[in-house]
Amino acid sequence: MFFLTHIWLIPLLPAFGAAIMLFFGRKLQKATVSAVCVGTIVLAFLMACGAVWQYSAWSSTPENFHKPYQTILYTWLGTDTGHMNYATHEGSQAAFQADAGFLLDPLSSIWLLFVTGVGMLIHIYSTGYMAHESGYYRFFGYLNLFMFSMLTLILANNYVLMFVGWEGVGLCSYLLIGFYFHRKSATDAGNKAFIVNRIGDAGFLLGMFFIAWIFGSLRFVDVTMLARHNAAAWMGNPYITAATLLLFVGACGKSAQLPLYIWLPDAMEGPTPVSALIHAATMVTAGVYMVARSNALFVLAPKSMLVVAIVGALTAIFAASIALVQNDIKRVLAYSTVSQLGYMFLALGVGAFAAGVFHVFTHAFFKALLFLGAGSVIHSMSGEQDMRNMGDLGHRIPTTHRTMFIATLAIAGIFPFAGFFSKDAILWETWSREGGAYRFLWYIGYATALMTAFYMFRLMYLTFHGRPRMSHEVEHHIHESPISMTAPLVALALCAIVAGWLGWPHSLGGSDRFTTFLEPVFAPESQVLTEEGRAGQLAAGAKEEEHNTGTEWLLMGLSLAAAGAGWGMAWKNYRHADKGYTEPIAAAAPPVYDTLLHKYYVDEAYDTVFTGRRKLGDVRLGVLGLGEASSWADSHVIDAVVNDVGWITRLTATISSWWDKWIIDGIGVNGPAILARMLSYPARLFEWGLVQWYALVMTAGLVGFVFYYVYH
Amino acid sequence: MLHITTLHYLVLGAALFLLGVIGVLTRRNVVIVLMSIELILNAVNLNLVAFSRIWGGLHGQVFAIFVITDAAAEAAVGLGILIAFFRNKETVNIDEVNLLKW
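Residue numbers (the working numbering), protein chains in the order written: chain A, 1 to 712; chain B, 1 to 102.
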């Protein structure tokens, strides 16, 4: 039980490697760096195998039957003092707590195994690929930091610790995409990835808050148990629908679904091992993991599941259509990743959680193999990435060619390679879901499968077949990659062949061990879904169809036909591709070709609406343009009004002071004085100062009085 | 033969009064103005005594004694003012008292 109880060591080993690189990396030899960093991942993989082995033994005992194994190291956030209590939506008190705890159950076991396994192979590959690069220790430090974050994400027992890992992988993605930081395109791509991820993270956080509010706890076991117990009462609850939709927004950001997929193609600026590890096998599957982990919640919100399925299907066909015409080998693979992720979400959305997880599992192998193979091709072509300048490499780099061929067969869904079983499981589950919309999604998935086969074989033929289209000095340098790079390719090719057999479906006589393994996680939910579906069907009065193995065989045959048709079209058009070959789509419909080549102008649309990089003359467009317009309006229109009011006030003051000085003072105050002076001029003339004149006036007055008295 | 009645006294009194007033108003010399004022006062005395004789009481005569006393005091004060005036202006011309002229 050592590996199981010490499961916390698994993330810590790569963290330790990253720390060593942080402190001492600059002074170490390349061999030491490789030994430390690759060694930690190898150890982590071995410990992971041990832990999963011991878990299956532990969970088959009667008292622990089908239970997840949880170990809590310490309480990270939250205390026992009662100060962190809050009221849930029913009004009961809940304590906010997030522990540093680790959970191992069938779902995380699968992720643990393939993340450490594929991670180990990619680390080994990187020792060869990055051998001549400067910043070797920095690369491995970041890679180890990434493994630490991803393992924390997978093994966390609550949403908060998972979010820590979530943010950590976003950070490492930014650091690794911008690894060649001297290139502006690389740093721009890193910024884009982190910022778009952040938008998704906002959704994740809000969803997490909803969950804390509804369930009163953030631990997965608590939430799942509560959701299962109250399934009947909470079905269709609007808050749970909101929470799951917000969580899905987070998944869209991390797993590159519409409309937040734009960072993934640009992320190809990073070194190829980074693209293989982060953007194919592990980080982008974090969104799928999170949705699968919250499957109990999603089952309670059928509307969210419909949204998930539709977004997944649309993303799948959208990205596949863009991949049809891309010329950069890594871009084709990037859009292929987005498309396959769409398949996974389609599976989760229709309730086929096990099928979605199965596709994640197989996709990790063949997509990592494709990216590593592309890296090998680029390495041999001295850095050339454009397929128009490749050709006829097949016999010159045979190992790469053969392993990539196996991966292409797998992704196209050719029997009996891995992709056939997982993709077919998804398409079968989509078809067999009751309800009309799901048939339409099946058609979308089917068209995508056709396109997938076409563009993947187009990649194969343009790169490895046809006539050589490269310059002569590049042609002379073509060589097979060293064993550190080819060995992981071979290992992954073996996995790509064999991995699908774990999910050999019942209709073809297999036991589908994969789904059985995942039963403890998904079984109760599938039952709820089936009953839900059947109830809806009966209510609509439709006849309950019997889905038998015959239909399944028919659909399998149809997908094989689609894969074959795609292969055939690619074979016809690109087999003999010479210098200046024509693209069939460009020949048939040039405007369609242009739209696809420019990725439906989505980046330009986002630039116009959101980032404000497009200008109309001097004026910015979009949301930022609105901001600029409002600030212009504020400083020119509103402030102008304010200034005018001030001017009017000053004008009024000036008039008032003039009035006061000239009218009030002049006429009102000085006027009577002037009048008095004017009137007194004549009166003054009578003042002679003569005494006898005064006496005369007195006498005249006296005479007047006398006359008055005498004659009255 | 002209009988001397009260009227004659009154007329004489009025005439003297009038002469006195004219003297006050028209003469240039301050001393003559003061003499005219004395003349006015004495005319009034004559009137008073005349009316005392007519009506038989002594009120008029007593009042006349008062007037004479008053006239004497007034003459003293007036002469004092005259002396002060002469000291300031070196002249007894009443037209020189014109400081209140504008």
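No lab work stands behind these hints: they were computed from the structure. Note that this is a predicted model, so its numbers are computed, not measured. Accuracy of the hints is not assured; some may be wrong.
As the list claims (entries may be wrong) - Partner residues are not named here, just some residues of chain A that face chain B (Cβ under 8 Å, in silico):
(1) 508
(2) 512
(3) 517
(4) 684
(5) 689
(6) 690
(7) 692
(8) 695
(9) 696
(10) 699
By construction, the Cβ of each residue, glycine as well, lies at the ideal position given by its N, Cα and C atoms.
Verification of the hints:
no. : hint : in the structure
1   : 508  : 140 Å, violated
2   : 512  : 135 Å, violated
3   : 517  : 131 Å, violated
4   : 684  : 4 Å, holds
5   : 689  : 3 Å, holds
6   : 690  : 6 Å, holds
7   : 692  : 5 Å, holds
8   : 695  : 5 Å, holds
9   : 696  : 5 Å, holds
10  : 699  : 6 Å, holds
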